[in-house]
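Same order as they appear, the protein sequences are chains C and R. Using the numbering used here, read the first sequence as starting at 1 and increasing by one per residue. Using the numbering used here, read the second sequence as starting at 1 and increasing by one per residue.
No wet-lab data here; the hints were simulated from the structure. Built from N, CA and C at the ideal position, the CB exists for glycine as well. Careful, some of the hints might be misleading.
[Claimed, not checked] Per the computed footprint, the stretches of chain R lying under chain C, defined by three or more beta-carbons under 8 Å from a beta-carbon of chain C, are: (1) 96 to 103; (2) 367 to 379.
[To be verified] Ranges between beta-carbon positions, derived for each pair: (3) R:His202 with C:Val249: 47 to 53 Å; (4) R:Thr291 with C:Gln345: 52 to 58 Å; (5) C:Gln373 with R:Asn267: 34 to 40 Å.
[Claimed, not checked] Facing chain R, a subset of chain C residues (Cβ under 8 Å, in silico): (6) Ala43; (7) Ala423; (8) Ala453.
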Amino acid sequence: MRDAAIATNRFGLGARPGELAACAADPRGWLEAQLQGPPPLIADPALQSTATLVATIEQVRAQNRLLRAGGTAADGGQSGKALLDAVVKLGSIYRPAYVGEVTARLRQAATTDRPFLERLTQFWSNHFAVSVDKAIILGVAGSYEREAIRPHVLGSFQDLLLAVERHPAMLLYLDNFRSVGPDSMLAERAQERAGKALGINENLAREILELHTLGVGTGYTQADVTSFAKVITGWSIGARGQGLRAGGVAGEFFFRPAIHEPGGQTVLGRRYGQEGLAQGEAVLGDLAHSPATARHIATQLSRHFIADEPPPQSVERLAQAFSRSGGDLPTVYRALIAEEAAWSQPLGKFKTPNDYVISAWRALDLPIGEPRQVPPVFANLGQRVWSPNSPAGWPDRSADWDGASALMQRLRWADELGQRLGASVNAVQLAPQILGATLSEATRVALTRAASAAQALTLLLASPEFMRR
Amino acid sequence: MDPRSNGRRRFLRGALLATGGALLTTRLAFAGSGGDARLIVIIMRGAVDGLAMVPPYADPDYVRLRGSLAIAAPGASDGALRLDSLFGLHPQLAFLHESFAAGELTVFHAAATAYRDRSHFDGQDVLESGVPVPHASQTGWLNRALAAQPHATAGSAERGVALGSNVPLMMRGPAAVASWSPTKLADLDADTLQRIADLYAHDPLLGQRLGAAQTADSMAGTDSSGMMGGGNNRYEELIHATAGFLANEAGPRVAVFDTTGWDTHANEGGARGQLGNRFGALDAALRSLKTQLGATWRNTAILAVTEFGRTAAVNGTGGSDHGTATAALLLGGAVRGGRVISDWPGLSAATLYQQRDLAPTLDLRAVFKGALVEHMGVPSSALETVFPDSGSVRPLRDLFRA
């Protein structure tokens with residue numbers, strides 16, 4: 001019985017009524033079955049692709065430049081003002097996209113019958129984090145998750161890694177789209193014509209090594225970062241128009257030979273003599289299969305599914321599963337399910353606000369309601385969707401989330417739900433359905449003694465059991 | 001039997017009998033006058049201790065039973081605010097006392113719904129549905145009354161509004177109602193917070209964090225308990241919104257909202273303490289409501305009711321447990337007040353309900369029916385729909401100014 005609660009709440013996204021009963025016979029089998037079949041994609045025709053949005057933004061920017069130039073030239077007259085008024089604020093394009101994506105993500109998480117897979121999707125999306133701290137990411141964070149993460153969660157780590165590093169959202173977020181090889185054709189021409197020195201931006205290269213693959217302090221040097229940055233110069237985004245910026249399909253990944261650093265590079269002691277795009281693909285392939293990467297990913301997964309400080313043996317076994325399978329993700333997930341430590345400490349993980357909101361949505365089968373009101377729910381609780389303040393993504397330990405005022409915000413939201421829904425929900429009956437064997441006697445008694453149905457629901461959502469997974 | 005309770009009995013009978021032709025005429029005139037009357041129902045969830053809200057300070061068994069919860073007689077330090085020779089108001093209810101003196105408050109005592117068990121959920125269901133059996137109706141009496149009002153069909157605007165994050169059962173049903181909820185996440189009431197703190201008692205992390213949050217809030221002057229220490233920020237936005245809706249000529253005529261934190265099983269306190277603080281906050285909120293309603297106050301009646309009362313005797317943890325009869329309040333410029341209406345049963349062992357609770361002698365539905373017919377112009381013929389199976393419960397008459 002306890003295993004069912006762990007399967008649904010720790011591996012899953014929080015039990016929906018009936019889910020515990022459905023998996024009680026074989027909780028591990030219930031999880032493994034979710035790894036069968038293609039990963040569910042979000043097919044919402046209202047959602048735009050990254051390419052469409054980025055291309056639109058490019059167009060609007062160009063238009064805005066003309067309008068501003070015209071408006072300034074008209075020197076303050078009525079016609080000039082009309083031109084300036086016609087400038088389109090980019091936020092008016094980003095924001096509706098963001099609202100639609102957050103809503104679609106919540107709908108998927110709240111209703112999916114493969115919640116383990118959905119948690120894994122969110123895990124990887126956070127491992128390869130982009131952040132709306134950068135304005136354009138507000139418009140593409142959701143499509144990035146749908147396009148780069150979601151289709152690859154049941155594939156190999158290498159495919160996932162390649163999809164991520166080629167994705168325009170990542171190239172925009174970590175600046176690689178404008179990283180120019182110092183000896184590239186474009187850099188030389190710029191030097192000749194304007195005396196302008198163009199160069200690399202090593203942001204993406206460094207974060208790939210530090211965050212996406214090997215992990216910090218695993219022995220790579222600044223020289224490795226610099227060489228790797230040169231390797232991936234040219235990994236950029238297509239654009240319409242003419243001149244050097246043009247080429248490829250607007251808004252899609254585009255390799256630009258003109259800014260790629262020519263020649264071979266040495267990264268982590270290995271010589272990469274390939275030409276063009278293949279050079280970067282080769283480095284990423286090696287990084288994906290590095291033992292350091294296996295250990296890094298195993299640590300992250302263990303921390304997410306087992307404990308803030310996972311047992312070293314668990315990390316070791318997961319790393320081996322990763323290495324031996326060549327980074328086959330379902331193999332790693334199965335090793336995780338088999339890891340006894342994941343089942344020995346019920347409620348060992350403190351829910352993030354994201355976990356908390358989604359689990360409440362599932363427990364209460366809440367409707368999505370007005371899309372505009374969805375993002376503020378996460379923001380009010382301290383975890384605005386896709387907004388970690390660094391490319392390291394959201395942290396994953398209790399101490400990162402269990403602050404006093406954060407807890408109070410969570411309780412206020414719980415109380416709001418209690419008051420709004422209490423009359424139509426029997427919290428006393430619901431509690432065992434969503435908490436199973438983790439429901440404590442103290443909580444059960446408190447619910448039966450609550451002063452109102454509303455208060456009972458508030459107490460259920462506030463209970464120590466519901467705060468954790 | 002105490003001679004004073006005989007006096008009450010006579011008074012109640014008098015009120016019931018005073019349903020003469022003059023009153024009837026007034027009522028009909030009112031019903032046809034365009035429906036300016038406003039009604040606000042405050043649901044006090046958790047079972048308000050009526051013996052604390054309206055202490056029968058002169059009852060010979062009162063002090064003995066109540067122990068540490070007893071409120072001293074009027075005139076003593078922290079004593080009750082005198083209503084008459086038997087009853088007073090809790091000392092934190094200063095505005096209500098002023099209203100009583102001004103003839104704008106009627107107090108009902110030993111009142112109860114038709115429900116006789118002690119579950120909050122079921123008791124509130126009966127209070128709100130207006131049906132004697134719990135969970136027998138998906139609609140509430142206040143909504144059905146709105147639907148039965150002669151003005152119900154005039155115009156399409158909602159005549160009722162529910163304030164707070166939910167629409168209580170009392171206001172659900174065939175008549176369309178508006179609802180309003182606070183935009184930002186509101187603070188929790190002290191009772192819910194206390195219960196959460198109890199849940200966290202054996203959870204060092206959450207217990208510490210909750211304590212720290214409350215300390216921080218009190219230092220910042222934004223007491224998260226909302227109703228503690230005289231602060232009533234939990235009510236402030238609610239009262240403002242209620243007044244905004246009802247003072248609007250084109251707005252709703254009936255409003256309902258919840259107050260919580262009345263389930264005082266432990267450390268209830270007497271003149272001061274947990275419950276006293278909540279009374280103080282409610283009193284301040286009602287004063288603010290009167291001010292904000294302005295001229296509309298003249299047409300307003302406010303009913304403050306709870307699902308049942310609490311044990312007559314103090315319990316082992318300085319509180320009181322679920323009981324039966326309790327007190328109810330009818331306040332407002334439209335009220336013919338300054339009266340306590342009660343067929344006081346007394347608190348002697350022989351008269352307590354099941355040897356523990358104040359016995360019910362007044363059916364709350366009689367108060368509700370009186371308010372609906374006399375104040376809101378609901379036709380008497382509709383009462384059986386509004387309160388099914390209540391033919392024997394006659395409306396109280398003469399509760400409102402002519």
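Going down the list of hints, with the structure as the test:
1. Closer than 8 Å: that is the beta-carbon criterion, and the segment 96 to 103 of chain R has 0 residues meeting it against chain C, so the requirement of 3 is violated.
2. Counting residues of the segment 367 to 379 of chain R whose CB lies closer than 8 Å to any CB of chain C gives 0, so the stated coverage by that chain is violated, three being the minimum.
3. Roughly 60 Å separates the CB atoms of R:His202 and C:Val249, a value that falls outside the hinted 47 to 53 Å.
4. The given range of 52 to 58 Å is respected by R:Thr291 and C:Gln345, whose C-beta atoms sit roughly 56 Å from each other.
5. As the Cβ distance of C:Gln373 to R:Asn267 is approximately 38 Å, the hint placing it in 34 to 40 Å holds.
6. A distance limit of 8 Å between C-beta atoms decides the matter here; for C:Ala43 the minimum to chain R is near 34 Å, and the interface restraint is violated.
7. The interface hint given for C:Ala423 is met, as the beta carbon of that residue sits about 6 Å from the closest beta carbon of chain R, less than 8 Å.
8. Interface restraint check: C:Ala453 against chain R, minimum CB-CB distance 5 Å, threshold 8 Å, status holds.
The earlier numbered hints that this structure contradicts are 1, 2, 3 and 6.
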